[in-house]
Amino acid sequence: MALIDLANPSRFVALVGRVLPWLIVATVIAFAFGLRESYLAPDDYQQGATVKIMFIHVPNAWLSMFAWGVMSIAALGTLVWRHPLADVAAKCAAPLGAAFTLLALVTGSLWGRPMWGTYWVWDARLTSVLVLFIMYLALIALWRTVDDQNRAGRAAAVLTLVGAVNLPIIKFSVDWWNTLHQPASVLRMGGPTIDRSLLIPLAVMALAFALLFVTLHLAAMRNEIMRRRVRTLMLMQAERA
Amino acid sequence: MTALSALFARDARVAIRIGGGAMMGVLFFLAVVTLVPFAIGPDLALLRRIGPAILWLGALLSSLLALDRLFANDHEDGSLDLILMARPPLELIVITKALAHWVTTGLPLVVAAPILGLFLNLDPAALSATVLTLLVGTPALTFIGVIGAALATALRRGGLLLPVLVLPLTIPVLIFGVAATNAAAVGPMPFETPFTILCALTLMSGVIGPFAAAATLRYGME
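Line order of the protein sequences matches chains A and B.
If you number the first sequence the way my numbering does, the last residue is 241 and the count never jumps.
If you number the second sequence the way my numbering does, the last residue is 1222 and the count never jumps.
Read the hints as simulated data drawn from the structure, not as lab findings.
Careful: at least some of the hints might be erroneous.
[As the list claims (entries may be wrong)] The calculated lysine to any residue pairs, modelled on SDA-like cross-linking and capped at a C-alpha distance of 25 Å, are:
id: 1; chain 1: A; residue 1: 171; chain 2: B; residue 2: 1204
id: 2; chain 1: A; residue 1: 171; chain 2: B; residue 2: 1197
id: 3; chain 1: A; residue 1: 52; chain 2: A; residue 2: 20
id: 4; chain 1: A; residue 1: 52; chain 2: A; residue 2: 28
id: 5; chain 1: A; residue 1: 171; chain 2: B; residue 2: 1167
id: 6; chain 1: A; residue 1: 52; chain 2: A; residue 2: 103
[Stated by the list, open to error] To give an idea of the interface, some chain B residues facing chain A are shown, with a C-beta separation under 8 Å as derived from the structure:
id: 7; residue: 1039
id: 8; residue: 1040
id: 9; residue: 1165
id: 10; residue: 1168
The beta carbon of each residue, even a glycine, is placed where N, CA and C say it ideally should be.
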């Protein structure tokens, strides 16, 4: 099925209805397995038990950037291909991205307190992720203040693409500047540098959170389509009355 | 080319004659800088240390003030529709309008900065570094600001939305502007490193800003 077939909202809603139960089951299984693996994983020789915060922190941090990536592709869909569901996808990804970014920031500072001795430092990685969080909130504010959804969708698309400049800055901030945040140890040239016993729980948790994102995103898109339909129906009813 | 230079002259003339955009920005800048000693106490040593940061922060906030008038005035009197239909590419028109806006609102801030720096007890080295970084950095603020101005006009929503959208994008400019000034005043980093990044930010926003603003106006006005 091509992407253009999903341009029909009814077909999209029907597909989501078929896929969603399976996705929910897969997410629950992945989380159950991932949490068990995380619980059984050995303590790090330096970080002790606090290394387990990483199993939540790292997937959230990845998804905080992934969500903006999804929104950027959706923004291209809105501006270039005029795909009718692209702005729905972008609108529904923004609150999810904001939530994942907030979780990454909170778990990061909880880890930072025992390890670095402080909840927060103004280094490049932390600052750029905080900027990402503020930009998510600004985008949500934009969606909320404008009633004309088409107009808001196109404006938000332009702003999303401008904000995408921040993504490479976040990814490479640990390489470009001398930061307190440690450099990449999984997604790097020459393979991961962390031990297998910690890498497997991390990979499973990353998969679980990615499934959670997809599940919530599809459900939110379906809700948004329904909300727009209800609004249209109410407008038609008001016209008739 | 004549159309663009005519547009530049018109925008500059309008900004100087009515609304008092330039003087209003400088006045706000003065007010912000005056507030700081009241908030932290008249400790001259402390003011000298944080002075460059205060000047940068004041200039950043002042540059936001006049932004929402950039396209809104033209939209209200209908000249924006004519500008959108004009022969020169919209991106060049946006650059011209942004330059005119910077000359009438950004440049006065740079000129006012040395006088306000004296209030903050800055020494000549820090003062000249602040003025130089502001001269290079405020165009970046304007070029990023045109995106916000175009969004506010296309969405028919001004007010608080514009600063909320623009401020996160200006953070890198603020970081490297203040870093370069501090490097010149106290070291130990060489001045050139953050300063060249600031120049790069200005050039980059000079490319991204007009394109994004032009796209917003095109999609928003149809």
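Results for each hint:
1. A hinted pair counts as satisfied when its Cα atoms are at most 25 Å apart, and residue 171 of chain A with residue 1204 of chain B qualifies at roughly 19 Å.
2. A C-alpha spacing of about 18 Å is found between residue 171 of chain A and residue 1197 of chain B, which places the hinted pair at or below 25 Å, so the restraint holds.
3. Note on residue 52 of chain A and residue 20 of chain A: the hinted pairing is violated, with a Cα-Cα distance of about 30 Å set against a maximum of 25 Å.
4. A hinted pair counts as satisfied when its Cα atoms are at most 25 Å apart, and residue 52 of chain A with residue 28 of chain A qualifies at roughly 19 Å.
5. Between residue 171 of chain A and residue 1167 of chain B the CA atoms are separated by roughly 21 Å; this keeps the pair inside 25 Å, and the hint holds.
6. Between the alpha carbons of residue 52 of chain A and residue 103 of chain A the distance comes to roughly 15 Å, so the proposed pair stays at or under 25 Å and holds.
7. Given the 8 Å rule on beta carbons, the hint for residue 1039 of chain B is violated: about 21 Å separates it from the nearest Cβ of chain A.
8. A cut of 8 Å between beta carbons decides the hint on residue 1040 of chain B: the least distance to chain A is about 19 Å, and the hint is violated.
9. A cut of 8 Å between beta carbons decides the hint on residue 1165 of chain B: the least distance to chain A is about 5 Å, and the hint holds.
10. Proximity of residue 1168 of chain B to chain A holds as hinted, the smallest CB-CB distance being about 4 Å (cut-off 8 Å).
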